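The listed protein sequences derive, respectively, from chains A and B. Residues 93 to 204 (the working numbering) make up the first sequence, in order. Residues 785 to 896 (the working numbering) make up the second sequence, in order.
For the record, the hints were derived by calculation from the structure and aren't laboratory data. Treat the hints loosely; a few may be bogus.
Unchecked claim - From chain A, some residues computed to sit far from chain B (all C-beta separations above 10 angstroms):
hint: 1; residue: 108
hint: 2; residue: 159
hint: 3; residue: 161
Stated by the list, open to error - Keeping only pairs whose Cα atoms sit at most 20 angstroms apart, straight-line, the calculated PhoX-like set for lysine-lysine is:
hint: 4; chain 1: B; residue 1: 837; chain 2: B; residue 2: 855
hint: 5; chain 1: B; residue 1: 839; chain 2: B; residue 2: 855
hint: 6; chain 1: B; residue 1: 839; chain 2: A; residue 2: 191
hint: 7; chain 1: B; residue 1: 787; chain 2: B; residue 2: 855
hint: 8; chain 1: A; residue 1: 191; chain 2: B; residue 2: 802
hint: 9; chain 1: B; residue 1: 841; chain 2: B; residue 2: 854
hint: 10; chain 1: A; residue 1: 118; chain 2: A; residue 2: 161
hint: 11; chain 1: B; residue 1: 797; chain 2: A; residue 2: 191
hint: 12; chain 1: B; residue 1: 854; chain 2: B; residue 2: 837
Unchecked claim - To list a few chain B residues with every Cβ distance to chain A over 10 angstroms, as calculated:
hint: 13; residue: 795
hint: 14; residue: 798
hint: 15; residue: 804
hint: 16; residue: 835
hint: 17; residue: 846
hint: 18; residue: 852
hint: 19; residue: 866
Only a predicted model underlies this, so the values are computations on that prediction, with no experimental measurement involved. Where a beta carbon is used, it is the ideal one built from N, C-alpha and C, also for glycine.
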Amino acid sequence: SQQGEEDPQALSIQEGENATMNCSYKTSINNLQWYRQNSGRGLVHLILIRSNEREKHSGRLRVTLDTSKKSSSLLITASRAADTASYFCATVFYNQGGKLIFGQGTELSVKP
Amino acid sequence: DVKVTQSSRYLVKRTGEKVFLECVQDMDHENMFWYRQDPGLGLRLIYFSYDVKMKEKGDIPEGYSVSREKKERFSLILESASTNQTSMYLCASSFQLVHEQYFGPGTRLTVT
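Go ahead and model the full structure; you've got the sequences and the hints to work with.
Below, the structure is given as structure tokens:
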């Protein structure tokens, strides 16, 4: 079964608002990654956060990792219509040969 | 920038046909991956390769085979296409297994 579970499944906000997406997993990880997928396209890597890191930033993106709760969150600040996409977390587990295990994704809709 | 290209964006094949999906990356990455993406099931790993002529089964290898004769090229083969293989197929590559993956644009395959 897939290890990454994302919440919410869908999120609709107005331009300028912040969007927060959450990801939970079940076993110890090497790292956790966030990807974006625009409709019908391939995935684009956003941020990788290692198990010994707690927070990372990239532009308007902020990712946190709480290994004690086995959860991560992706915050997009000051959202834009162009942020409309599906967002996936993917975990790399120890003893899984480095495979990425993807969550089901959160569909974000940003209305202008 | 890393570029991963896939041979076709859209493909329509008949049941029983042999189908080749090709993927090429230009960043000298060791690892290459084939996923399929279906609504409600997310991304599932079919096969991956960590070196030329080396391959490992992913989570759903049945009905598929792969070939990696050159470092930059990774082919997915459907020996006898069936309607349940209608899906979006995504290729990806990475420098190391635990690193971020770079995805191609995807091939939407329809088997009739």
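Going through the hints against the structure:
Every CB of chain B is more than 10 angstroms from the CB of residue 108/A (nearest about 29 angstroms), matching its label as outside the interface. Once the 10 angstroms rule is applied to beta carbons, residue 159/A is consistent with being away from chain B; the minimum gap is 16 angstroms. Interface exclusion of residue 161/A from chain B stands, the closest Cβ pair being 22 angstroms apart, more than 10 angstroms. Simply put, residue 837/B and residue 855/B have alpha-carbon atoms about 9 angstroms apart, close enough for the 20 angstroms limit, and the pair holds.
In summary, the hint linking residue 839/B to residue 855/B is supported, as the alpha carbons are separated by about 12 angstroms, within the 20 angstroms threshold. Of the supplied pair hints, the one linking residue 839/B and residue 191/A holds, its CA atoms being roughly 13 angstroms apart against a limit of 20 angstroms. Between residue 787/B and residue 855/B the alpha-carbon distance is near 14 angstroms, which keeps this suggested pair within the 20 angstroms criterion. For the proposed pair residue 191/A and residue 802/B, the alpha carbon gap of about 28 angstroms is over 20 angstroms, so the pair is violated.
Restraint check: the Cα-Cα separation between residue 841/B and residue 854/B comes to about 19 angstroms, which is no more than 20 angstroms; the hinted pair holds. With a C-alpha separation of about 9 angstroms, the suggested pair residue 118/A and residue 161/A falls inside the 20 angstroms cut-off, and the hint holds. The hinted pair formed by residue 797/B and residue 191/A fails the criterion: a straight-line CA distance of about 30 angstroms is larger than 20 angstroms. Using a Cα cut-off of 20 angstroms, the hinted pair residue 854/B and residue 837/B holds, with the two alpha carbons roughly 8 angstroms apart.
For residue 795/B, the non-interface assignment is confirmed: its Cβ lies about 14 angstroms from the closest Cβ of chain A, beyond the 10 angstroms cut-off. Residue placement check: residue 798/B keeps its beta carbon more than 10 angstroms from all beta carbons of chain A (closest about 23 angstroms). Its beta-carbon lying about 19 angstroms from the closest one in chain A, residue 804/B satisfies the requirement of being farther than 10 angstroms from that chain. Annotated as non-interface, residue 835/B keeps its C-beta farther than 10 angstroms from every C-beta of chain A; the closest such distance is 13 angstroms.
No beta-carbon of chain A is positioned within 10 angstroms of the beta-carbon of residue 846/B; the least distance is around 17 angstroms. Separation of residue 852/B from chain A is adequate, the least Cβ-Cβ distance of about 16 angstroms exceeding the 10 angstroms criterion. Listed as a non-interface residue, residue 866/B keeps its Cβ farther than 10 angstroms from every Cβ of chain A; the least gap is roughly 23 angstroms.
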